[in-house]
Amino acid sequence: MCGIVGILSRNKKDDLGSLVIEMMKRLQHRGRDGAGVAMYGGISLEKDQYLIRAEILGEDLEEKQSAMEKIADLANRYGNVRSIRNVVESEEYFITDFLVERVDDFQKVRKLALEIQGLKNVAVLSAGKFEMFKDVGTIDVVDSIYSVSEKGGTHAIGHIRFSTESGVDRYHAHPFQSFLYPDITVVHNGQITNYWNTRQRLEAKGHYFTTDNDTECIVHYVADKLLDGYSLEEALENAVKDLDGPFAFIIATPDEIGVAKDKLGLRPAMVAEGDGTYAISSEEVALEPLGLETEYLAPGEFRVYRK
Amino acid sequence: MEIDCNGLSVREINRQIKEAVKNGEKEIVLLNPGAKHYLAAGVVGDVEIHVKGSAGYFAGTMVHGVRMIIEKNAGWFAGDNMTDGYIEIKGAAGDGVGQGIYNGTIVVRGNAGARTGEIMKNGTIIIGGNSDFMTGLYMMGGKIVVLGNIKGMAGESIVRGAIYVKGDVDSLGKNAKLVEITEEDEEWLKDTLKAHDFPAFTEKFRKIVPIKKRFVYGSAPSEEG
Chain A
1 MCGIVGILSR
11 NKKDDLGSLV
21 IEMMKRLQHR
31 GRDGAGVAMY
41 GGISLEKDQY
51 LIRAEILGED
61 LEEKQSAMEK
71 IADLANRYGN
81 VRSIRNVVES
91 EEYFITDFLV
101 ERVDDFQKVR
111 KLALEIQGLK
121 NVAVLSAGKF
131 EMFKDVGTID
141 VVDSIYSVSE
151 KGGTHAIGHI
161 RFSTESGVDR
171 YHAHPFQSFL
181 YPDITVVHNG
191 QITNYWNTRQ
201 RLEAKGHYFT
211 TDNDTECIVH
221 YVADKLLDGY
231 SLEEALENAV
241 KDLDGPFAFI
251 IATPDEIGVA
261 KDKLGLRPAM
271 VAEGDGTYAI
281 SSEEVALEPL
291 GLETEYLAPG
301 EFRVYRK
Chain B
1 MEIDCNGLSV
11 REINRQIKEA
21 VKNGEKEIVL
31 LNPGAKHYLA
41 AGVVGDVEIH
51 VKGSAGYFAG
61 TMVHGVRMII
71 EKNAGWFAGD
81 NMTDGYIEIK
91 GAAGDGVGQG
101 IYNGTIVVRG
111 NAGARTGEIM
121 KNGTIIIGGN
131 SDFMTGLYMM
141 GGKIVVLGNI
151 KGMAGESIVR
161 GAIYVKGDVD
171 SLGKNAKLVE
181 ITEEDEEWLK
191 DTLKAHDFPA
201 FTEKFRKIVP
211 IKKRFVYGSA
221 PSEEG
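Going down the list, the sequences are from chains A and B. Just so we're aligned: the first sequence equals residues 1 to 307 in UniProt numbering. Just so we're aligned: the second sequence equals residues 1 to 225 in UniProt numbering.
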């Protein structure tokens, strides 16, 4: 079933994390397979600095440390690794942040992320100037691991997962990122039934898929349109025409969040607006804490909110 | 009596409602409903339930005899499978309002989502605003009245019943046709709208009815009325 939320404020909100977590808790009934949040504007990085968050697996500590060293070696070829920090350390895996500096172009970040992706025992969870928090289980699990509710920011999107497509693991949890375009992420409720055709068309244009999850093709599709010079509104208008199946999805970029709903209106989406805050959710129950006027999205409708 | 829904599970709220109805309570006010799902689900009895805010999915599902007033919005499937009673939604309704109802009346003062009155068997649904995609999908009986417009594929695969519409119809679904209303229809509309405090009747309504009363896949629709 899946539940999606998005919230954007014209000004940075110190309580953005707690708001998005509260919204997601209210959608917990929609799934328990995974949960995730992409949060923007909460960390300040210099222009040439990027944060790469990776999942590192390994039989033992030595194997994990070896993978970390390989990531650092790769990153030092593109720039300079300023710091390495384990966000999560467990016997099975590490979630590790690599703060890389002296990288003058996001395309280099993309190449680096894809090279790291190719390493054994490693999966890139995010790369850019935003933070990604995602894991299997409930939103309480994600919040307890990453302390999302203690973080501030300008906007965020979140996802409660009921898996109907692809694996149940940290890597297949939403949000999904496309490294094609800086800091673009998506959360999605539904199925993209022309997934393979859409994927083939995007792959023919050189886009690289890192999972077999249908949601990933949405973020690549929209990133592709943005790279072609479309506005987010135009990209979403085209997505509603080109993507088949039941869906409602929320896209985030460094300055915007957008929502789109399928032509037959088969997945729910509501928006709430007021006082410089814009929020989106599968259900009104998640918008209640904001106390804003709510509105249903019509089939095939899309909206974009900017900072 | 009042029930403050804040902090209560839906199961607990509905248990309190049913207990109160059993004890002869005639009026129950739900405070801070918080768009919770299944409010008043399965309640049977002569009772008025005021929801002081928005309700979530399946508000008033399977009620019988209940009069339920929702002050703001209702989520998907309000009044699903109700067998008798009255549900009024003062704001907007989500998709599938009145799904499969057997009897009773549902009034939505604002707009309604897609698939209004899907597979309804009997009863009446009145939409004060617009009604979205596939209104009356697989409708098997009863009446839907839309004072605004209806979006695409209105009356898709309708088998029985009628959809009265005052505004525009984007397109008709399979087995649906648009006809003029009769004098009998007009009288019914006047009485019904007046009874539910809608603006005075004007003779602009048209009616969507089945082309063929028993629609069978693969057979060509024919004019039967």
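Please keep in mind that the hints were generated in silico from the structure rather than gathered at the bench. Some clues are possibly wrong.
Taking lysine to aspartate or glutamate and the DMTMM-like style, the derived pairs with C-alpha atoms no more than 20 Å apart in a straight line are [claimed, not checked]:
1. A:LYS25 with B:GLU12
2. A:LYS129 with A:GLU92
3. B:LYS204 with B:GLU186
4. A:LYS25 with A:ASP15
5. B:LYS90 with A:GLU295
6. B:LYS52 with A:GLU295
7. B:LYS72 with A:ASP105
8. B:LYS72 with A:GLU273
9. B:LYS72 with A:ASP15
10. B:LYS52 with A:GLU293
If you want the ones that stay clear, here's a sample from chain A, every Cβ over 10 Å from chain B, calculated [unchecked claim]:
11. GLN49
12. ARG53
13. VAL88
14. GLU91
15. VAL168
16. GLN191
17. ASP212
18. GLY229
19. GLU237
20. VAL285
21. THR294
22. TYR296
Listed below are several chain B residues computed to face chain A (Cβ distance under 7 Å; list not exhaustive) [stated by the list, open to error]:
23. GLY45
24. ASN73
25. ALA92
26. GLY129
27. ASP132
Just so you know, these numbers come straight off a predicted model, no measurement behind them. By construction, the Cβ of each residue, glycine as well, lies at the ideal position given by its N, Cα and C atoms.
Consistency of the hints with the structure:
1. This hinted pair checks out: LYS25 (chain A) and GLU12 (chain B) have alpha carbons roughly 19 Å apart, not beyond 20 Å.
2. Simply put, LYS129 (chain A) and GLU92 (chain A) have alpha-carbon atoms about 27 Å apart, too far for the 20 Å limit, and the pair is violated.
3. For the hint linking LYS204 (chain B) to GLU186 (chain B), the alpha-carbon distance of about 10 Å falls within 20 Å, and the restraint holds.
4. Restraint check: the Cα-Cα separation between LYS25 (chain A) and ASP15 (chain A) comes to about 15 Å, which is no more than 20 Å; the hinted pair holds.
5. Taking the CA atoms of LYS90 (chain B) and GLU295 (chain A), the gap is about 14 Å. The hint holds against a cut of 20 Å.
6. With a C-alpha separation of about 18 Å, the suggested pairing of LYS52 (chain B) with GLU295 (chain A) holds against the 20 Å cut-off.
7. For the suggested pair LYS72 (chain B) and ASP105 (chain A), the alpha carbons sit about 49 Å apart, so the restraint of at most 20 Å is broken.
8. At most 20 Å may separate the alpha-carbon atoms for a hinted pair to count; LYS72 (chain B) and GLU273 (chain A) meet this at roughly 16 Å.
9. The straight-line distance between the Cα atoms of LYS72 (chain B) and ASP15 (chain A) is roughly 27 Å, outside the 20 Å bound, and the hint therefore fails.
10. In summary, the hint linking LYS52 (chain B) to GLU293 (chain A) is supported, as the alpha carbons are separated by about 15 Å, within the 20 Å threshold.
11. Separation of GLN49 (chain A) from chain B is adequate, the least Cβ-Cβ distance of about 41 Å exceeding the 10 Å criterion.
12. Non-interface status of ARG53 (chain A) relative to chain B is upheld: no Cβ of that chain comes within 10 Å, the nearest being about 34 Å off.
13. Chain B leaves VAL88 (chain A) outside its interface by the beta-carbon criterion, the shortest separation being 32 Å against a cut-off of 10 Å.
14. Non-interface status of GLU91 (chain A) relative to chain B is upheld: no Cβ of that chain comes within 10 Å, the nearest being about 37 Å off.
15. Taking the minimum C-beta to C-beta distance to chain B, about 25 Å, the non-interface status of VAL168 (chain A) holds against the 10 Å cut.
16. Distance to chain B confirms GLN191 (chain A) as a non-interface residue, since its nearest Cβ pair spans about 17 Å, more than 10 Å.
17. For ASP212 (chain A), the requirement that its beta carbon stay farther than 10 Å from each beta carbon of chain B is met, with the minimum near 30 Å.
18. Every beta carbon of chain B lies more than 10 Å from that of GLY229 (chain A), the smallest distance being close to 31 Å; the non-interface claim holds.
19. Every Cβ of chain B is farther than 10 Å from the Cβ of GLU237 (chain A); the closest lies at roughly 17 Å, confirming the non-interface assignment.
20. Distance to chain B contradicts VAL285 (chain A) as a non-interface residue, since its nearest Cβ pair spans about 4 Å, not more than 10 Å.
21. Look at THR294 (chain A): its CB is around 6 Å from the nearest CB on chain B, not clear of 10 Å, so calling it non-interface is violated.
22. The beta carbon of TYR296 (chain A) is not kept farther than 10 Å from every beta carbon of chain B, the shortest such distance being approximately 6 Å.
23. Look at GLY45 (chain B): its Cβ only gets to about 26 Å from chain A, farther than 7 Å, so that hint breaks.
24. A distance limit of 7 Å between C-beta atoms decides the matter here; for ASN73 (chain B) the minimum to chain A is near 6 Å, and the interface restraint holds.
25. Because the closest C-beta pair between ALA92 (chain B) and chain A is about 6 Å apart, less than 7 Å, the hint holds.
26. Interface restraint check: GLY129 (chain B) against chain A, minimum CB-CB distance 11 Å, threshold 7 Å, status violated.
27. Interface hint status for ASP132 (chain B): upheld, as the beta-carbon distance to the closest one in chain A is roughly 6 Å, under 7 Å.
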